[in-house]
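When we follow the working numbering, the leftmost residue of the sequence shown carries the number -3, and every step to the right adds one.
It should be emphasised that the hints constitute simulated quantities derived from the structure, not laboratory data.
Errors might be hidden in some of the hints.
[Unchecked claim] Taking CB as the label site, the calculated pair distances span:
| hint | residue 1 | residue 2 | range |
| --- | --- | --- | --- |
| 1 | Met46 | Leu25 | 13 to 21 Å |
| 2 | Ala1 | Gln50 | 28 to 36 Å |
| 3 | Ser34 | Gln77 | 17 to 25 Å |
| 4 | Gln29 | Gln77 | 26 to 34 Å |
| 5 | Asp13 | Glu58 | 16 to 24 Å |
[As the list claims (entries may be wrong)] With a cut-off of at most 27 Å between alpha-carbon atoms, the simulated BS3-like pairs for lysine-lysine come out as follows:
| hint | residue 1 | residue 2 |
| --- | --- | --- |
| 6 | Lys47 | Lys15 |
| 7 | Lys76 | Lys15 |
| 8 | Lys47 | Lys76 |
All values derive from a computational prediction rather than experimental measurement.
All C-beta atoms in this analysis are idealised placements derived from N, C-alpha and C, irrespective of residue type, glycine included.
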Amino acid sequence: MITAAQMRAARALAGIDQKTLAERAGVSLPTVQRMEASDGVVRGVVDTLMKVIQALDESGVELIGENHASERGGRGVRLKQPASR
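Whenever a hint applies, use it, and build me the whole structure from the sequences.
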């Protein structure tokens, strides 16, 4: 899924604060704060996690899962490439 470190990095890359992410995801600010304060993979209600991931995606950030897009694996985040016209 998503780690707390990925979530913080994705939010920073998108240039949004916790309150903005919470609003875009339709979840409470304490929920976002709790998710980001956890260690390792974020645990919680699947629907809530999906809302946060969708909000980050719509903010232009792509989450990279383990063993994807790099020789050494590992999780990460990157800006999405703009759609070609």
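Verification of the hints:
In this structure the hint that Met46 and Leu25 lie 13 to 21 Å apart at CB holds, the actual value being about 18 Å. Ala1 and Gln50 have their C-beta atoms about 19 Å apart, which leaves the hinted 28 to 36 Å range violated. For the pair Ser34 and Gln77, the supplied restraint of 17 to 25 Å is violated, since their beta-carbon distance comes to about 30 Å. The beta-carbon spacing between Gln29 and Gln77, approximately 30 Å, falls within the hinted interval of 26 to 34 Å.
For Asp13 and Glu58, the Cβ-Cβ distance of about 20 Å falls inside the hinted range of 16 to 24 Å, so the restraint holds. Note on Lys47 and Lys15: the hinted pairing holds, with a Cα-Cα distance of about 14 Å set against a maximum of 27 Å. Only pairs whose Cα atoms come within 27 Å are accepted, and Lys76 paired with Lys15 is accepted, the gap being roughly 22 Å. Pair hint Lys47 plus Lys76 holds up; C-alpha atoms about 18 Å apart against a cutoff of 27 Å.
Figure legend: structure checked against the earlier numbered hints; hints not met, in rising order: 2, 3.
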